[in-house]
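Peer 1: Below are the chains, spelled out letter by letter.
There are 2 protein chains.
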Amino acid sequence: MILTIDRALKLIEKEIAALDFGKEPKELYDPIYYIMAIGGKRMRPLLALLSHNLFSDKTENITKPAAAIEVFHNYTLVHDDIMDNAPLRRGNATVHEKWSANVAILAGDVMQIKSTELMMTVDDKILRRTLELFNSTATEICEGQQYDMDFEKREKVTLEEYIEMIRMKTAVLLGFSLELGGLVAGTSEKNITLLREFGVSMGIGFQLMDDLLDVYGDMSKFGKTVGGDIIANKKTYLLITALQKAKGAEAKKLKELLGSKTIGPLDKVKEVTEIYNKLEIKTFTELKINEYFDLAFKKLNKLDAPLHKKAVLKDFANKLAQREN
Amino acid sequence: MILTIDRALKLIEKEIAALDFGKEPKELYDPIYYIMAIGGKRMRPLLALLSHNLFSDKTENITKPAAAIEVFHNYTLVHDDIMDNAPLRRGNATVHEKWSANVAILAGDVMQIKSTELMMTVDDKILRRTLELFNSTATEICEGQQYDMDFEKREKVTLEEYIEMIRMKTAVLLGFSLELGGLVAGTSEKNITLLREFGVSMGIGFQLMDDLLDVYGDMSKFGKTVGGDIIANKKTYLLITALQKAKGAEAKKLKELLGSKTIGPLDKVKEVTEIYNKLEIKTFTELKINEYFDLAFKKLNKLDAPLHKKAVLKDFANKLAQREN
Numbered sequence: 053m054i055l056t057i058d059r060a061l062k063l064i065e066k067e068i069a070a071l072d073f074g075k076e077p078k079e080l081y082d083p084i085y086y087i088m089a090i091g092g093k094r095m096r097p098l099l100a101l102l103s104h105n106l107f108s109d110k111t112e113n114i115t116k117p118a119a120a121i122e123v124f125h126n127y128t129l130v131h132d133d134i135m136d137n138a139p140l141r142r143g144n145a146t147v148h149e150k151w152s153a154n155v156a157i158l159a160g161d162v163m164q165i166k167s168t169e170l171m172m173t174v175d176d177k178i179l180r181r182t183l184e185l186f187n188s189t190a191t192e193i194c195e196g197q198q199y200d201m202d203f204e205k206r207e208k209v210t211l212e213e214y215i216e217m218i219r220m221k222t223a224v225l226l227g228f229s230l231e232l233g234g235l236v237a238g239t240s241e242k243n244i245t246l247l248r249e250f251g252v253s254m255g256i257g258f259q260l261m262d263d264l265l266d267v268y269g270d271m272s273k274f275g276k277t278v279g280g281d282i283i284a285n286k287k288t289y290l291l292i293t294a295l296q297k298a299k300g301a302e303a304k305k306l307k308e309l310l311g312s313k314t315i316g317p318l319d320k321v322k323e324v325t326e327i328y329n330k331l332e333i334k335t336f337t338e339l340k341i342n343e344y345f346d347l348a349f350k351k352l353n354k355l356d357a358p359l360h361k362k363a364v365l366k367d368f369a370n371k372l373a374q375r376e377n
Numbered sequence: 053m054i055l056t057i058d059r060a061l062k063l064i065e066k067e068i069a070a071l072d073f074g075k076e077p078k079e080l081y082d083p084i085y086y087i088m089a090i091g092g093k094r095m096r097p098l099l100a101l102l103s104h105n106l107f108s109d110k111t112e113n114i115t116k117p118a119a120a121i122e123v124f125h126n127y128t129l130v131h132d133d134i135m136d137n138a139p140l141r142r143g144n145a146t147v148h149e150k151w152s153a154n155v156a157i158l159a160g161d162v163m164q165i166k167s168t169e170l171m172m173t174v175d176d177k178i179l180r181r182t183l184e185l186f187n188s189t190a191t192e193i194c195e196g197q198q199y200d201m202d203f204e205k206r207e208k209v210t211l212e213e214y215i216e217m218i219r220m221k222t223a224v225l226l227g228f229s230l231e232l233g234g235l236v237a238g239t240s241e242k243n244i245t246l247l248r249e250f251g252v253s254m255g256i257g258f259q260l261m262d263d264l265l266d267v268y269g270d271m272s273k274f275g276k277t278v279g280g281d282i283i284a285n286k287k288t289y290l291l292i293t294a295l296q297k298a299k300g301a302e303a304k305k306l307k308e309l310l311g312s313k314t315i316g317p318l319d320k321v322k323e324v325t326e327i328y329n330k331l332e333i334k335t336f337t338e339l340k341i342n343e344y345f346d347l348a349f350k351k352l353n354k355l356d357a358p359l360h361k362k363a364v365l366k367d368f369a370n371k372l373a374q375r376e377n
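Chains A and B, in that order, give the protein sequences.
Every number in this note's numbering is 52 more than the matching position in the first sequence, counting from 1.
Every number in this note's numbering is 52 more than the matching position in the second sequence, counting from 1.
There's no promise every hint is true.
Unchecked claim - Quick look at which bits of chain B chain A covers, simulated, 3 or more residues with Cβ under 8 Å: (1) 106-115; (2) 129-137; (3) 349-358; (4) 364-374.
Claimed, not checked - Sample of chain B residues lacking proximity to chain A, with all beta carbon distances greater than 10 Å (derived): (5) Ala153; (6) Leu211; (7) Leu306.
The hints are simulated quantities; they were obtained by calculation from the structure and are not laboratory data.
Built from N, CA and C at the ideal position, the CB exists for glycine as well.
Throw the hints in and build the complete structure from the sequences for me.
Peer 2: As structure tokens, then:
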């Protein structure tokens, strides 16, 4: 039976809506229900379900571990939002804004525990392996977040360092989501490796797309302020590439804009974007995004699974590659 | 073979000193080595080792799970210290003071993952049960911390609520430490339950002793500012009891002291302590502490283990009951 993306999303939303984290104390649990309810694309659990469906029809075995990933992902968002001092998440107040930083720290801590509990619904025979992979993925995500914060303070970041940072911070969890689906379904080691590699490549492409949309996205669709990365001097793929490619007057101008304490945010976004346009940064970034999605599709092609089922994952990846939000 | 407290402590310190959390990024891992190195009593891993030794001589099976508890405990301290805005921990700068709140949040997050990884060194046949107990204990600790913060904002807290809060925040982890020792050693269900109950009762007594030492401790031995709880209007066992017992002029005076915005901290400590003295709060608290330690010893007596080995745990509990720091 083919699990469609829509059907998989319904199963995920149902599982998430039924999650029982606890009730008292309210200040601990209310923020958890809140952050889990304000949505998001549910991309990670969806990938786990679609991956699982390549080899098995028993969706009941994967919905809870898949929900575990979503709880874990939301926990990292709750803590990252404190660290980034972010007021909004998915158009809603962040947990630390709505409650307090203390509430957000502790709610996140409980979510990490709950995600492990949900992950432990896997069968005994894959329990140790699943948790080992989950823990090593979680560690890489924390390391990625630390590198992200380190890079803000550093003068120079290379493209390689940047790609490695987003691999850790974002891509490995997509890789693990797919890997988990294969693991729960009991597929071969070769397939499990290919699934992870598919997810990691797609994840890097996905994050580069995020960087691109931050500058070139349609604000009404993207749901974030366009140019936020530029305003914050965030060393994204676009800025690092621009700093490498800019010569002479443009290099000088770009550095002035980055160092200016007086320029207004809208002017800064406009002028930096103009430099990006002159340097064709959009094209360079799109090429890099395509490169990672191509690599992802190669891994998917090699996967030993029914073509008509792989088509669903391919469709999903294509939508990510062409997303506008 | 009897494992003495000294020998157990040496094994624990050796295990902790050898822990490899990771190296890069430095800002993520340096704080973890720092907090783990500044010591503490290592009470929880010690309890796990002594409990394990009641039934088994194979210390190599318990040192890593015991270290897991210490890593977990230190993670909760790192996060709690942010929430409590505490500048010092064991006489040293707290992680958020020495680095930043962001560093402390993320270092704590990684420590939680590492504690699970270390806990997973238990044998396959007890893996699920161990992690289930660890997770439910961890959840209770977070709930206890939230109640603790809630109580600061509340007008009235009953003694029962207070005891339940410290049971969750402090005592269950002592209970789990002992339970873990029994579990790893493969003892009976009855013994495992008794070990947990022993630890929980002892843990409540231990925390009440902490409250008492905060007012009546010798500062040079206690290592914290005496009277810190009084200055912060912390609803400890002492204050809640005093609020219940004070009548007439004393009740009025106590409430004035708690509400005063002008009184200096030293005067406040002095005057509140005088009221405690008049109301014999020290005696009431000591009686309650003895009650919990007596209950703990009853559980220990019921435990089916060699008397000469139980004597080590009894000795340890006696030292806690009579501690001055």
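Peer 1: Now, for every hint given, state plainly whether the structure supports it.
Peer 2: Evaluated hints:
1. 106-115: With 0 residues closer than 8 Å to chain A, the region 106-115 of chain B misses the three-residue bar; violated.
2. 129-137: It holds, with 3 qualifying residues against the three required.
3. 349-358: Contact hint for the region 349-358 of chain B vs chain A: violated, 0 residues under 8 Å.
4. 364-374: That given contact is violated, which follows from only 0 residues of the region 364-374 of chain B lying within Cβ reach (below 8 Å) of chain A.
5. Ala153: Answer for Ala153(B): violated, closest chain A Cβ roughly 8 Å.
6. Leu211: 18 Å, holds
7. Leu306: Leu306(B) is indeed farther than 10 Å from all Cβ atoms of chain A, at 27 Å.
In this structure, the earlier hints numbered 1, 3, 4 and 5 are contradicted, and the remaining ones agree with it.
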